[in-house]
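Peer 1: All letters in the sequence shown, in the order written, are residues 225 to 324 by this note's numbering.
Possibly wrong hints are sitting among the right ones.
Stated by the list, open to error - Restraint-style ranges between C-beta atoms, simulated for each label pair:
| hint | residue 1 | residue 2 | range |
| --- | --- | --- | --- |
| 1 | R265 | V290 | 17 to 23 Å |
| 2 | M300 | T269 | 26 to 32 Å |
| 3 | D319 | F289 | 30 to 36 Å |
| 4 | A266 | L324 | 29 to 35 Å |
| 5 | G320 | T280 | 25 to 31 Å |
| 6 | C268 | T299 | 14 to 20 Å |
| 7 | V290 | D319 | 29 to 35 Å |
| 8 | R296 | Q267 | 17 to 23 Å |
| 9 | R270 | D319 | 29 to 35 Å |
| 10 | P287 | D319 | 34 to 40 Å |
| 11 | T301 | R270 | 15 to 21 Å |
| 12 | I322 | E294 | 32 to 38 Å |
Simulated from the structure, these hints should not be mistaken for laboratory data. Positions of the beta carbon are idealized from the N, C-alpha and C atoms, including for glycine.
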Amino acid sequence: MPIISAVSPTREDEASKRLFVKLPEINYTFDPFPGPTLIHRAQCTRFHFVVQVMDTIHVYSLPDFVLMLELRPPTMTGVRSFDVAYDLLVVSYSDGQIHL
Numbered sequence: 225m226p227i228i229s230a231v232s233p234t235r236e237d238e239a240s241k242r243l244f245v246k247l248p249e250i251n252y253t254f255d256p257f258p259g260p261t262l263i264h265r266a267q268c269t270r271f272h273f274v275v276q277v278m279d280t281i282h283v284y285s286l287p288d289f290v291l292m293l294e295l296r297p298p299t300m301t302g303v304r305s306f307d308v309a310y311d312l313l314v315v316s317y318s319d320g321q322i323h324l
């Protein structure tokens, strides 16, 4: 359940919490999901930031945002969804495969 604060943050507080991370280069020659949105989902744990860019899952370490892992589908199928908890990443592919 989210924690709701009665005190609204100042602009300085909000600005200090923003982080910008340069994502890896994307090959635009083949776009299985045409459209303006390339980032499909992002999730954060205490130690990792995980983002799906097209059909690739990128795992960054926190707090320094070092790219630790890139996961691509084993076949031409797409990533259906993923979930992350602690150090466990579960990826579901559109062909029914599930990888841990």
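Peer 1: Taking the hints in turn, state whether each one holds.
Peer 2: Evaluated hints:
1. R265 with V290: 17 to 23 Å: Check passed, 21 Å falls within 17 to 23 Å.
2. M300 with T269: 26 to 32 Å: 30 Å, holds
3. D319 with F289: 30 to 36 Å: At roughly 31 Å between Cβ atoms, F289 and D319 fall inside 30 to 36 Å, so the hint holds.
4. A266 with L324: 29 to 35 Å: 20 Å, violated
5. G320 with T280: 25 to 31 Å: 19 Å, violated
6. C268 with T299: 14 to 20 Å: At roughly 28 Å between Cβ atoms, T299 and C268 fall outside 14 to 20 Å, so the hint is violated.
7. V290 with D319: 29 to 35 Å: Taking Cβ atoms as reference, V290 and D319 lie about 31 Å apart, which means the hint holds.
8. R296 with Q267: 17 to 23 Å: Given range 17 to 23 Å: holds, Cβ gap about 18 Å.
9. R270 with D319: 29 to 35 Å: 32 Å, holds
10. P287 with D319: 34 to 40 Å: 36 Å, holds
11. T301 with R270: 15 to 21 Å: 31 Å, violated
12. I322 with E294: 32 to 38 Å: Given range 32 to 38 Å: violated, Cβ gap about 19 Å.
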